[in-house]
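Q: If you want the building blocks of each chain, they are given just below.
There are 2 protein chains.
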Amino acid sequence: MNESFKENFDDFEVTPWKVEGSVDYARLIKKFGTQEITNEILEKIESFTGELHPLLKHKFFFSHRDLDWILNKYDNNEKFYLYTGRGPSGMVHLGHLMPWFLTKHLQDKFDSNLLFQITDDEKFLFGNQTLDEIKKNVYENILDIIAIGFKKSKTKIIINSRHIKHLYSTSLEIAKRITFSTAKSVFGFTNSTNIGMIGFPPLQAVPCFLPSIIEGKPTPVLIPAAIDQDPYWRLTRDIAEKIGFYKPAQIHSKFLPSLQTIGKMSSSSPETAIFTTDETKIVEEKISNAFTGGQPTISLQKKLGGNPSVCSVFSYLKYLFDTPAESNERELKCRSGNLLCGECKHDLSDDSTAFISMFQKRREKAKDIVSDFMYSEES
Amino acid sequence: MNESFKENFDDFEVTPWKVEGSVDYARLIKKFGTQEITNEILEKIESFTGELHPLLKHKFFFSHRDLDWILNKYDNNEKFYLYTGRGPSGMVHLGHLMPWFLTKHLQDKFDSNLLFQITDDEKFLFGNQTLDEIKKNVYENILDIIAIGFKKSKTKIIINSRHIKHLYSTSLEIAKRITFSTAKSVFGFTNSTNIGMIGFPPLQAVPCFLPSIIEGKPTPVLIPAAIDQDPYWRLTRDIAEKIGFYKPAQIHSKFLPSLQTIGKMSSSSPETAIFTTDETKIVEEKISNAFTGGQPTISLQKKLGGNPSVCSVFSYLKYLFDTPAESNERELKCRSGNLLCGECKHDLSDDSTAFISMFQKRREKAKDIVSDFMYSEES
Chain B
1 MNESFKENFD DFEVTPWKVE GSVDYARLIK KFGTQEITNE ILEKIESFTG
51 ELHPLLKHKF FFSHRDLDWI LNKYDNNEKF YLYTGRGPSG MVHLGHLMPW
101 FLTKHLQDKF DSNLLFQITD DEKFLFGNQT LDEIKKNVYE NILDIIAIGF
151 KKSKTKIIIN SRHIKHLYST SLEIAKRITF STAKSVFGFT NSTNIGMIGF
201 PPLQAVPCFL PSIIEGKPTP VLIPAAIDQD PYWRLTRDIA EKIGFYKPAQ
251 IHSKFLPSLQ TIGKMSSSSP ETAIFTTDET KIVEEKISNA FTGGQPTISL
301 QKKLGGNPSV CSVFSYLKYL FDTPAESNER ELKCRSGNLL CGECKHDLSD
351 DSTAFISMFQ KRREKAKDIV SDFMYSEES
Chain A
1 MNESFKENFD DFEVTPWKVE GSVDYARLIK KFGTQEITNE ILEKIESFTG
51 ELHPLLKHKF FFSHRDLDWI LNKYDNNEKF YLYTGRGPSG MVHLGHLMPW
101 FLTKHLQDKF DSNLLFQITD DEKFLFGNQT LDEIKKNVYE NILDIIAIGF
151 KKSKTKIIIN SRHIKHLYST SLEIAKRITF STAKSVFGFT NSTNIGMIGF
201 PPLQAVPCFL PSIIEGKPTP VLIPAAIDQD PYWRLTRDIA EKIGFYKPAQ
251 IHSKFLPSLQ TIGKMSSSSP ETAIFTTDET KIVEEKISNA FTGGQPTISL
301 QKKLGGNPSV CSVFSYLKYL FDTPAESNER ELKCRSGNLL CGECKHDLSD
351 DSTAFISMFQ KRREKAKDIV SDFMYSEES
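Chains B and A, in that order, are what the protein sequence lines are. When you number the first sequence by the numbering used here, it's gap-free, plus one each residue, and the end is 379. When you number the second sequence by the numbering used here, it's gap-free, plus one each residue, and the end is 379.
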């Protein structure tokens, strides 16, 4: 079967608004035209940061654009900004936190300024909520962002509708350079797409260029984000140099799987995800109902062993809580039938409730310092 | 020849960005689906304003949407806002002033609040100037707007890029309700249209709804403008009631003809128009070179008479400077061969230089009160 023939039979779909099916990440790299994060790049990162962050070691971040270039820039004393974001369609779940964890790590290790964009306009234009409903999400989501522990002095949150005046002229410069046919081919716009959606993408490009405007010189930007957002910045990269800026570099994560079935966690199906605002009891319930790679009965599990590679509980433990050594041991024990699903669920339940309870305390404290994190035109 | 067959042979084109050929205004009313301004409506206006404004009497304003409705509202003690605008593509010429003259008259007679929108973003997206070049136009154009003599206490100028934050949420509500196929059919967007242009139209709709937001209740709005801008508000009218507002009413003007050939005056061909910033000598030169309806020689003119209906000089005098009685007399004398083109040019030259020189003094004075006319979110 040749490549193009196989592509038509992909049983997954990844766009900025929809992630469906069992994602073949190696295939996605080819489809999107990104680069795999090689061991050579990881070694280079390690040379700056000391021990690699688990999300890098585990290759949860697996793909990039120009990451090698930005590391070379850093090596030559050219510091980079970080830029990531949040579409405030609802409450935040653990899947959303993953890129933010790495972003915080990179901010700490590279002493980077961070722009954090909240695309409230996008979520209004692409969804079914009112502006008032989205405004509530924005506030709740900001608490999560602050709870991650970003440096107050080096982190600025941009809310599109609030900071639109500051973003507008740059977004016009970008918009003028993107034709409908280009946007259509990247985003799949149709005749029934509303014109707000068609006009929106430049706004998600602006923070790629703000650092250069703030610093008064071309300034590298690295975007840690889940790979579904790549199309936005693919477009941005196409026009960056035409308006005198560097192309933004990117580092792409996989998706934390759904707790229930194959696929990404989803805010619209609350049972598939653990939200940062879930009560302990709810977290425990969701985990006890989670989909695992185990056998139907205990005796079969002991006889045949389980399959961690399709197990959501294993993935959560691996990416969020286990050390690499613990994770390897867990995998071996599971495969050899020496670990029952109940035990893993118990571990995940303990770890998750402890994390969520700690995180909720930090969310409470965040309420007092929201304004310190807001972008201002003077900053 | 049937109607639809004839339509294909129209030798004119009117869109918000292009007016070409000799416009058949009766035909345009049919094409756009607007209403003719009837004598009944003019009598109704006269009952409120006293003697009709010359631009109404001369039917320079010839078409409308819901003008009768808004007059009935007024009759029932429901006052209306006026809304008009300027696309700051360059300096202002006499053609631009025509709708503003009527707007001022309506403001005086109906004691209306006026929102004056400057679409600097549109002119950037649709044109070839930089944002800085357009910013200079904006300032110069504001001087013209103020020089018209609008009431300071009842007039607010909105500059899209400056007031974008205040316009943005309403523009999102509008944008979400307009599909690409609708916008495409109204504006003729193609695959090579930039996505800023596609996303722009909602911003020109916002001032139709701002009065209701300001007043906290549905508030009628009347838009005096040249008829080429109708497509914007045709779209707006389609969605107004869906979001709880009145449809904006409109009163449409013809175009002041070019001084040189058939067609509209044009900022891109400076010799076809008299700009408010032209020096006296330039005004005189342009008028002396103007296209008239006269005969090739004096003796032929005396023998055959001229044709005022195709004469740019006659139109300028009629719409801008002559009283209706003077204009009728001028027409009769011209047609009977008792008036030479040189005499009309002389009259127009005298009137125009006097007007421009008075207007330029008012433009100078306007410089001190620009900020008084700026829209503020508190107003």
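Everything labelled a hint here was simulated from the structure, so no lab data went into it. All values derive from a computational prediction rather than experimental measurement. Worth double-checking, as some hints may not be accurate.
Remember, identical chains collapse to one label, so a pair may be satisfied in a single copy or spanning two.
Think about it this way: if two alpha-carbon atoms lie no more than 20 Å apart in a straight line, the pair counts; the simulated DMTMM-like pairs of lysine to aspartate or glutamate are [said to hold, decoys possible]:
#1 165 <-> 51
#2 333 <-> 271
#3 242 <-> 132
#4 31 <-> 20
#5 165 <-> 133
Q: Now look at each hint and say whether the structure bears it out.
A: Hint-by-hint comparison with the structure:
1. 165 <-> 51: neither (42 Å within a copy, 45 Å between copies)
2. 333 <-> 271: Answer is neither; intra-copy 28 Å and inter-copy 87 Å both fail.
3. 242 <-> 132: Between. Shortest inter-copy distance 18 Å satisfies the 20 Å Cα cut-off; intra-copy 38 Å does not.
4. 31 <-> 20: within (15 Å within a copy, 47 Å between copies)
5. 165 <-> 133: between (22 Å within a copy, 19 Å between copies)
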